[in-house]
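Q: Protein chains in written order, with the numbering used here: chain A, 1 to 111; chain B, 1001 to 1511; chain C, 2001 to 2544.
Keep in mind the hints are simulated off the structure, nothing from the lab. Do not rely on the hints blindly, as some may be mistaken.
Claimed, not checked - Okay, the calculated bits of chain B under chain C, using three or more residues with CB under 8 Å as the criterion:
#: 1; segment: 1225-1234
#: 2; segment: 1419-1425
What the hints assert, rightly or not - Across the chosen pairs, the derived CB separations fall in these ranges:
#: 3; chain 1: B; residue 1: V1061; chain 2: C; residue 2: A2190; range: 41 to 51 Å
#: 4; chain 1: C; residue 1: A2194; chain 2: B; residue 2: A1383; range: 51 to 61 Å
#: 5; chain 1: A; residue 1: S79; chain 2: B; residue 2: T1035; range: 37 to 47 Å
#: 6; chain 1: B; residue 1: V1461; chain 2: C; residue 2: P2033; range: 24 to 34 Å
#: 7; chain 1: C; residue 1: A2190; chain 2: B; residue 2: L1047; range: 58 to 68 Å
#: 8; chain 1: C; residue 1: G2180; chain 2: B; residue 2: V1061; range: 43 to 53 Å
#: 9; chain 1: B; residue 1: P1217; chain 2: C; residue 2: A2508; range: 35 to 45 Å
#: 10; chain 1: B; residue 1: P1217; chain 2: A; residue 2: S79; range: 45 to 55 Å
Computed from a prediction, not measured in an experiment: that's the story for all the values here. All residues carry an ideal CB built from backbone N, CA and C; glycine is no exception.
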Amino acid sequence: MSVAESTFYGLCAAALVGIGLYGLIVNPQPLRKILSFNLVGSGVFLIFGVVARRGAALGMGGDPVPQALVITGIVVAFSATALAVALVVRLHETTGAATLMPADAGEPPTP
Amino acid sequence: MNTLPTLLPEATSAGGYLLVLALVLPFVGVLAALTLGGRHARAVAMLALPLGLVLSLAIVVEAVRSGQTLVYLLGGWAPPLGIALRADGLSAVMLLTTAVILLAVACFAHADFAAPAAGGEARRPFMFWTLLLAMWGSLNTVFLAGDLFTLYVALELLGFAGVPLVCLEERPETLQAALRYLLFALIGSVLYMLGAVLLYGAYGTLDIARLATLVRPEPAAFAAAALMTVGLLAKTALFPLHLWLPPAHAGAPAAASAVLSALTVKGSFFLVIRLWLDVMPGIVTPAAGQLLAACGAAAIFVGNVVALRQKRLKLLIAYSTVAQIGYLFLMFPLAAGLSALQLPTAPAVTGGMLQAISHATAKAAMFMGAGLIYSTLGHDRIADLRGVGRQLPMTMLAFALGGVALIGLPPSGGFMAKWLLLAAALTTGQWWWVVVLVLGGLLTSFYVFIVLVRAMAAVDVPLTPKIVVPRHREAVVLALAGLSFLLGCVALLPLDVVQIGRPALLPAGLQ
Amino acid sequence: MSFTALLLTATVGLPLAMLLACLWQPLRERMLPWLALGAVPGLAAAFLSVRGELLVLGSARFPLAFALDRPGAVLLGVAALLWLAGGWYAAEYQRQAPDRGRFAVCWLMTLSGCLGIFVAADMVSVYLLLALLSVGTTGLVLQTGTPPALRAGAIYIGMALLAESLLLVGFVLIVNSAPGNTLLVADAPAAIVASPWRDAIFALLIAGFGIKVGLVPLHFWIPLAHGAAPVPASALLSGAVVKASVIGLIRFLPLDHSPWAAGAALAAVGLFGALYAVAVGVTQRHPKTVLAYSSVSQLGVIVAIIGMGMASGDPNAGLIAAFYASNHVLSKGALFMAVGVVSATGSRRLWTIMLPAAVLAVGLGGLPLSGGALTKAVAKEVLGDGPSGALATLSAIGTTLLMLHFLRRLRAFAAEDPAATASCGLRRPWLLMAVASLVVPWALFLLSPRYSLPDALAPYALWAALWPIAVGGALAYLLARWQRLPELPEGDVVVALERAGLALSAMAGAACVRLDGALRQWPLASVALLGLALAFAVATLAGR
């Protein structure tokens, strides 16, 4: 992989992370936040992919360690997404709406 | 670099198998609970936790006996290809603390989360006990893992176990609190991972011991340090990143709050220590240390003042956690300052760890005590606590002892921590942290005093409890509080366990 | 362990053991009659363990050491006697109280802390016992549970913990500058003198112990706390408990080193307080509050003795200050007890209480042949004949005035029923203390090789004691005729301080709540997250 190529992929990754972070901060809907988180995650995995390809410079097909880690990372991100979606669904079931912003941010009743 | 212990070649040490057992036991418990189902989850946990306590004691004894870090190489493969488990003094004491607190919480929760008789739905106890075991397993992984990626996975597991604990009650507010917690923690972990990826890209390894020898001051390392630190701070809920903590900790059931406040936040804090003192002491600068501790100081001030204004006991305790987390971060500039003077960093590091352990035991006791007060009164409004002292004398004593530990009066662990941190601050001339330590203790004493005075006020008619709390549940709370109260007596031990396997001086850099 | 060491251990150990026994409720409820017992080992130790060897418990890293020097022995002896009589008195006074158990617990905490400090010889123990003392005292002040008691308790614990925090910082500085980082109190004065932080340590110690002994202007908690506590507790707080901090000043400040001018400043502050407290005290109406102001005044004189000792490098100043303080322990304890006895006595038998009380009260001002006259004569050695000596004489006049005012207020406090008499359980311990405060100063005076009976009976000495009393009496007469003093609130400056403190805390509280509310909004929190990441990046990049 040439330097220009890796720079291109790096920039793509940065853009993904940036878009994701923007969504995470600005979007009030939890579902969109979850999607944004996945975008950021993809950006990070892409960077890891670029890092893995650097092994090619040494005549190897690629560095196997990042690939193994990326797969693990994807699994973790998938579980996180599943958990978050499950929470959103349950929140929707109990309140009829799914929002992160309680009317009053403090003073939740205690059990 | 001559102060670093020589790590390569590395081999499994004599008691290394204990580390694997400590890692595997909780997860075997989780699997067993999953297989056997909700009716037996409690039995599984009650069987595994005492075993875990024995195991962590064995690890501490082994570490003290050998006087160095315990290592286990998985499959005999040494890093960078393989994965190493390591337990230095820091890990050993945290393993022990975790086992003790979880066992106490389990004894406390025994009655709350019993499987219903006669075949009712056992979802709640099933969730609680399985999550408790999962929490334990992920904490042990955090304490033992030797590389940054395993730590990432452990950190995520910790979050996945903690989030459902917040919303066990399934009320809308707790679901919302859990979702906020999860999403904010996810931002934190993704930043952490980005940092880890950058480090791998620059140095080709994620093993902590190897990284420590390879890291050089260059942009990739700087970016990684900043990203990983902030990611971990978000998970530790250090001010100003504490938005998720108060509703989550105040809304969870008492036993869950105790675990979340005492242990979960300490997991990511532990990683900050690893990162700053073990992975990249040569990267982080004094300015960064001051910044970190400044966040801590702000946490102490704002957390304590806001705690003082709370009307509900559990929220007060949750805000007190926000403040106490701040104390933990005062150790970093102090360790750096000592290191710059070519002095051992032991006072700062041991002080910080004592603070963490003292807070863990005291806060677990206080949250469980608040739970007992809630079930006795049917509410936890601080203004209406009158008469509780008569009804729950042991709980209020526990609350007082825990409060003493939080304020930092002798002979509590909080006092010992304060003494060591003060000494470090004065030795290094950083008197402003002295002001923070003193002011924080005073602010803490105000709310402890208010709660105690309200609860101990005499009543003409003894109040009629909603539920009569059994004595043994009070005794568990008192025992844990007593532990935090007497923790300062560790100073009487001939040996500083925390320092086992740690270099006396930090390598150049954090100066 | 030798017998003397055993006694030192038991001085702290027995009250602590009794405290532990209180964990069991049936014992707690029955503890009240036994409170006097807790002070017995301390009393014995004061006689038998003086200047015995250093007793060290614990590990080498944090040794807990106990020893008894001569000033400590003097104060331990009289304080233990007061604790004993006070325990006896309290057994009767609190017999009907609903919260007997809690009273006993707080009493024992205060007792072990107070007597313990006299025998503690390392800084960690001193700090530990001071903390125990403060917590116990707070409980005693809160005992009645009335709103004034709550206010006094809150102000007390706030001030006490502030004082301890200052002392803790001071102690850590001392340990840091001591060779070998020794924790022993005996090595502290030398370490302070040689320390690069000498002035900071001095300021911290004076502020910390100054709060605890009620050094004006840090005195405002004393009238509140001593007024709010039940009578036996007030007697102990005013008599014995504040002396735990006096011994702290005596042991920590470098008295037998080269003269240090800072001592003169300390003496000036002390003497100013001695006069100021008299001025405020005469405007008070409640006899306990008047006594509390008198304590502030007397402690000002004690601090002045210590300060002048420091200024002149007088190695005897510590013992002289302890002697002066011992008279105050006994007299003030007895006078507080008298308040309880008088309030239960009707007009018919009142003179049997008022007469001895009058002797004690005027004795505090220096009535010839009384303990007050002896201690004032001895204190002259340190205070000298210069301005500080003159001011001390002025304070003797003031004390006479204040004590006569107290007697007037006390008489108005008698029981309504003319035939009422106080029970034996109150009268006997009061009598014990009254006799002790007449006898013990003489015994201590004559025990000293430096003084003899003719010194005390010389006409010059008698005259020097008498004329301030006469002037004070004349002033008191004029004051009683004039009758136009404003009535200042208890704790004088506290009202303004409280108002300022509440306003400040309300402001800070509201600001913190607003800040917290803003930071718990999602967008702001996540921006803070990114901002913090950026800040760390900058700090690591630019900070090298």
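Q: What hint numbers does the structure not satisfy?
A: 5, 8 and 10
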